[in-house]
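Here is what each chain is made of, one letter per residue.
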Amino acid sequence: AQSVAQPEDQVNVAEGNPLTVKCTYSVSGNPYLFWYVQYPNRGLQFLLKYITGDNLVKGSYGFEAEFNKSQTSFHLKKPSALVSDSALYFCAVRDYNNAGNMLTFGGGTRLMVKP
Amino acid sequence: DTGVSQNPRHKITKRGQNVTFRCDPISEHNRLYWYRQTLGQGPEFLTYFQNEAQLEKSRLLSDRFSAERPKGSFSTLEIQRTEQGDSAMYLCASSPGEETQYFGPGTRLLVL
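Order-wise, the sequence lines are chains X and A. Residue numbers for the first sequence follow the numbering used here, so the first one is 59 and each next one is one higher. Residue numbers for the second sequence follow the numbering used here, so the first one is 980 and each next one is one higher.
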């Protein structure tokens, strides 16, 4: 079975400050890891992914995430937050051995960036 | 190519009625997925197609739910005898292979 935990329901940060949104996962095999962002009444928008290779992956809008196998984590980061980054963020995992490609999502973290 | 599209965007129905949603994936994406998202939760997997073949179904997909992808292009999700617990956002995604899934805007269903 595969699972994802996002321990924070909400993260508050001031504009211009760095932000981190936490994610930990559990899979039986090797993980494929993803971050998506959701704006109100919208679908999910892909931000970045880790499949293999460099543990630090860079994605859209200046976001990056670091894969840490020993801590089974994939935290989302951005050096300088913007008010427009305020949205709902979802971490997702797929077990490499899951031929169906099913994604399992965390419960989401609401990011609030204040001016 | 404008991404994954879903219709309708909103649907209000009375309990016991049948509803059908449509998903048009990104062209040439052979994999198509349906997810359900309830308020305050992450999306939950419902079913998966590779071309026209439905290869996987979640336990969440009760007998009242049926999905099709007859020609390996668009897909429909039908819910029969809707219940208030079916109220949710229904999300469709497509992918060209094993990696990134691209999501549509969703269909929000409200069952009265």
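FYI, nobody ran anything at the bench for these hints, they're computed from the structure. Keep in mind the model is a prediction, meaning the values are calculated, not measured. There's no promise every hint is true.
[To be verified] Computed cross-link-like contacts, EDC-like style, restricted to lysine to aspartate or glutamate with a CA-CA straight-line distance of at most 16 Å:
1) X:K107 with X:E124
2) X:K127 with X:D143
3) X:K107 with A:E1078
4) X:K107 with A:E1077
5) X:K135 with X:D153
6) A:K1050 with A:D1003
Output the numbers, in ascending order, of every earlier hint that fails for this structure.
-> 2 and 5
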